[in-house]
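Trainee: Using the working numbering, the letters of the sequence shown correspond one by one to residues 3 to 344.
Incorrect hints may appear among the rest.
Below, simulated DSSO-like cross-link-like pairs (lysine-lysine); rule was C-alpha separation at most 30 Å, straight line [said to hold, decoys possible]:
(1) 187 to 177
(2) 229 to 143
(3) 229 to 141
I should point out that these hints are in silico values taken from the structure, not numbers from a laboratory.
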Amino acid sequence: MMAETVQNFSNVRRTRFWQRGFLASQTAYVGLALIVLIVVMSFASPNFLSAGNISNITRNFSFIAIATLGITLVIITGGIDLSVGSTMALTATTTSLTMVTLNNAGFYPFPGSALIISLLAGLATAGIIGFANGFAIAKLKLSPFVTTLGTLSIVRGLTYVATFGRGTAPAGPDKELFLALTSGKLAGMPISFVYLIIAAFAMWVALNHTAWGRHVYAIGGNEAAGKLTGVAVDRVKIQVYVICALAAGFNGIIISGWLGSAPANLATAYELTIIAAAVIGGANLAGGIGGASGAIIGCILIEVIRNGLVLARVDPYWQQTLVGCIIVAAVLVDRFRSLRSG
Numbered sequence: 003m004m005a006e007t008v009q010n011f012s013n014v015r016r017t018r019f020w021q022r023g024f025l026a027s028q029t030a031y032v033g034l035a036l037i038v039l040i041v042v043m044s045f046a047s048p049n050f051l052s053a054g055n056i057s058n059i060t061r062n063f064s065f066i067a068i069a070t071l072g073i074t075l076v077i078i079t080g081g082i083d084l085s086v087g088s089t090m091a092l093t094a095t096t097t098s099l100t101m102v103t104l105n106n107a108g109f110y111p112f113p114g115s116a117l118i119i120s121l122l123a124g125l126a127t128a129g130i131i132g133f134a135n136g137f138a139i140a141k142l143k144l145s146p147f148v149t150t151l152g153t154l155s156i157v158r159g160l161t162y163v164a165t166f167g168r169g170t171a172p173a174g175p176d177k178e179l180f181l182a183l184t185s186g187k188l189a190g191m192p193i194s195f196v197y198l199i200i201a202a203f204a205m206w207v208a209l210n211h212t213a214w215g216r217h218v219y220a221i222g223g224n225e226a227a228g229k230l231t232g233v234a235v236d237r238v239k240i241q242v243y244v245i246c247a248l249a250a251g252f253n254g255i256i257i258s259g260w261l262g263s264a265p266a267n268l269a270t271a272y273e274l275t276i277i278a279a280a281v282i283g284g285a286n287l288a289g290g291i292g293g294a295s296g297a298i299i300g301c302i303l304i305e306v307i308r309n310g311l312v313l314a315r316v317d318p319y320w321q322q323t324l325v326g327c328i329i330v331a332a333v334l335v336d337r338f339r340s341l342r343s344g
């Protein structure tokens, strides 16, 4: 009799397939919304699915997607980085200035040397910014919001100081190689998109198939419990902020290559779009949730909306309004989903 009772009620609390795993995540809902939006836009504008427009969309969302991957890592740990836009600008500026300086000095020991040195100088600058943020937050226990807000102002100011408020352009024998590696195409695809795929795959592997990835989620889920289980919380936090800054810096270098120069106001207010893309893609600002696929989907959604507004000749000032509405809607959907599953 007991066995029969258990058997009759064996389906209690059994969840349906769309309420489990990836299908139950905010990323899945946003992905579905993106598909619907693409279908609607394809009917609304015959140019939307043209090869040229698809290439533009792919290139444009790649300009923020690599940085979004980095900030997603920070958000997973329960932190935030408001300095990514400024980091993009200073990294691009440092890279261009180094190329100009080496060209003026005639330092060119072997083909490609000026480019390698310039890229290392730019990424080293980004790494220092990330380390400073991580150290202040992990070791000095400062607020991530306040710390990175201060860094935003400091780094942007340094960019203006270094350039006297003017843009800088790469120069020297490696200039064409630099432009090819940042704004060229590979197998018909924008090379920035190729870099994005590589970075996203590396992040997916790190988060899902390494102990380090489990530690990142553990810190965001419950930092105190993470410490008790032996997670090197401070070290992982510093690493995450360094990676975030390096991703932003690399994105800044790519944008400067496409523009052909690094203006001092490069990537101004990009941090808002980057954080928005991460949140729309499913990263929880409370920590513990997020991933590479969600970050990319969030970036694509924002760019599709922007591109659709342009094709529909809608006032571009509506873009920020719509992005804000989507952020609120994404958070509400996730909240309702959590309540229903709880």
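Trainee: Taking the hints in turn, state whether each one holds.
Mentor: Hint check:
About 16 Å separates the Cα atoms of residue 187 and residue 177, which keeps this hinted pair within 30 Å; it holds. Taking the CA atoms of residue 229 and residue 143, the gap is about 15 Å. The hint holds against a cut of 30 Å. The hinted pair formed by residue 229 and residue 141 meets the criterion: a straight-line CA distance of about 14 Å does not exceed 30 Å.
The structure agrees with every numbered hint stated previously.
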